[in-house]
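Residue numbers (my numbering), protein chains in the order written: chain H, 1 to 142; chain R, 1 to 278.
No lab work stands behind these hints, which were simulated from the structure alone. Watch out, some of these pointers could steer you wrong.
Label pairs and their in silico Cβ distance ranges [unchecked claim]: (1) L241/R x I126/H: 33 to 41 Å; (2) I114/H x F274/R: 52 to 60 Å; (3) P159/R x P58/H: 50 to 58 Å.
The structure presented is a predicted model; accordingly, all values stated were derived computationally and were not measured. Don't be surprised by glycine CBs; every beta carbon is placed ideally from N, CA and C.
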Amino acid sequence: MPGTEATGRQRHPFQPQPWRDRRIEIILGNLLRTGVLLSAAVVLSGACIYLSRHAHEPVNYRVFRGEPSEFRTIAGVIQSVMDGRGRGLIQLGLLLLIATPIARVIFSVVGFTIERDRMYVAFTLIVLAVLLYSLLGSGVGL
Amino acid sequence: MTILEFTAIVALVSFVAGLLGSLTGLGGGVVLVPLLTALFHVDIRYAIGASLVSVIATSSGAASSYVKEGFSNIRIGMFLEIATTFGALLGAFLATRIPTSALAVIFGAVLLYSAFVSRKPRPQALRNLPPDPLATRLRLNGRFPDEGGSRSYKVQHVPTGFSLMFGAGALSGMLGIGSGAVKVLAMDQAMGIPFKVSTTTSNFMIGVTAAASAGVYLNRGYVDPGLSMPVMLGVLAGSLLGSHLLVKAETKSLRLVFAVVILVLGLQMLYKGFWGRI
Numbered sequence: 001m002p003g004t005e006a007t008g009r010q011r012h013p014f015q016p017q018p019w020r021d022r023r024i025e026i027i028l029g030n031l032l033r034t035g036v037l038l039s040a041a042v043v044l045s046g047a048c049i050y051l052s053r054h055a056h057e058p059v060n061y062r063v064f065r066g067e068p069s070e071f072r073t074i075a076g077v078i079q080s081v082m083d084g085r086g087r088g089l090i091q092l093g094l095l096l097l098i099a100t101p102i103a104r105v106i107f108s109v110v111g112f113t114i115e116r117d118r119m120y121v122a123f124t125l126i127v128l129a130v131l132l133y134s135l136l137g138s139g140v141g142l
Numbered sequence: 001m002t003i004l005e006f007t008a009i010v011a012l013v014s015f016v017a018g019l020l021g022s023l024t025g026l027g028g029g030v031v032l033v034p035l036l037t038a039l040f041h042v043d044i045r046y047a048i049g050a051s052l053v054s055v056i057a058t059s060s061g062a063a064s065s066y067v068k069e070g071f072s073n074i075r076i077g078m079f080l081e082i083a084t085t086f087g088a089l090l091g092a093f094l095a096t097r098i099p100t101s102a103l104a105v106i107f108g109a110v111l112l113y114s115a116f117v118s119r120k121p122r123p124q125a126l127r128n129l130p131p132d133p134l135a136t137r138l139r140l141n142g143r144f145p146d147e148g149g150s151r152s153y154k155v156q157h158v159p160t161g162f163s164l165m166f167g168a169g170a171l172s173g174m175l176g177i178g179s180g181a182v183k184v185l186a187m188d189q190a191m192g193i194p195f196k197v198s199t200t201t202s203n204f205m206i207g208v209t210a211a212a213s214a215g216v217y218l219n220r221g222y223v224d225p226g227l228s229m230p231v232m233l234g235v236l237a238g239s240l241l242g243s244h245l246l247v248k249a250e251t252k253s254l255r256l257v258f259a260v261v262i263l264v265l266g267l268q269m270l271y272k273g274f275w276g277r278i
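Given the sequences, and given the hints that come with them, work out the whole structure.
Here it is, written out as structure tokens:
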């Protein structure tokens, strides 16, 4: 990336600007895209199994019943994938999707550490703590 | 309607929603919940679960195209995510204690307010103001590519923006939307960040905000695989297309689309909430 070096020289050394974060941003963007495409592929393969078995059954989402426990927990989802269930595979893809932004935040901690930006390492760790609390604290553990 | 027909039609509608959500910075979800409840008679809780999942896909899928253009500001995003994730956690817990009709009314009110605020002209003087000293200390000021070079911007009113983002996060967690509308407005109007930077940065943040409440929703059984599958795949395809168009689209026409879409959906949700058809 020759453009980045050129703008980097013009920048004031004590004011790190987003221009300098371009490399991190591009890696993060690619990480997100990979995670999303991977989860979409898993969801799509689950969809093929699900539709091949249930295509002609009637639909009813009018009444809220809540999902069975096998689709509510990580352990339950993994078990239903093992049982070869299409909807289990879809749910696994959705779990991968939820994990993607969390992976992004973890990678941001690394990125800001490399840049030796302590303030933003701390900010990112706070965000990561909130994300992990919401996942583990709300009961979706193993 | 059979599962096959339902899946195909929901996927198509979600594709259009993803396209609109991406172009306007609303992030699809805000369009999806009213559409799923009105057109397909889906219970609002299933709609919220599916929409929340699609919001993560929209945000994450489009992010790589945005960052390559150099529009998004990673520091603004990360700093404000502190506010939005705490808010999202609070919102997700609040949602269990709120009846669905109240959720619809809050949803409608948020949409109408967003439509109103987005049409207010932005004060021109804002551009010439010195930056908020806090913004300088937090290193939030930046540059973005513009016609024939790059333009710098200075961030204003950091505490106001931060508080608004907490509210945006709470709404996201409560309604299963990205709250892109509130986020763009907080960053664009309160903090004086250029529209394209605020749109793309907010898009970047939406996935993390949605992930903060997604665990709670999954655990509650709001995320149905059969419904979320066509929604997520459709929205993802639409948003990927939309993110390629955004770079070429004009700010002015974007804002008009933005306002009209949220106004119509807001009225619809208010009607549903007050007349108990939800």
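*For the range 52 to 60 Å, tell me whether the beta carbons of I114/H and F274/R fit it or not.*
Given a distance of about 53 Å, which is inside 52 to 60 Å, the answer is holds.
*Would you say the C-beta atoms of P159/R and P58/H sit inside 50 to 58 Å of each other?*
Since the Cβ atoms of P159/R and P58/H sit about 53 Å apart, the hinted range of 50 to 58 Å holds.
*Does the Cβ distance between L241/R and I126/H fall inside 33 to 41 Å?*
holds (35 Å)
Comparing the model with each numbered hint stated earlier shows that all of them hold.
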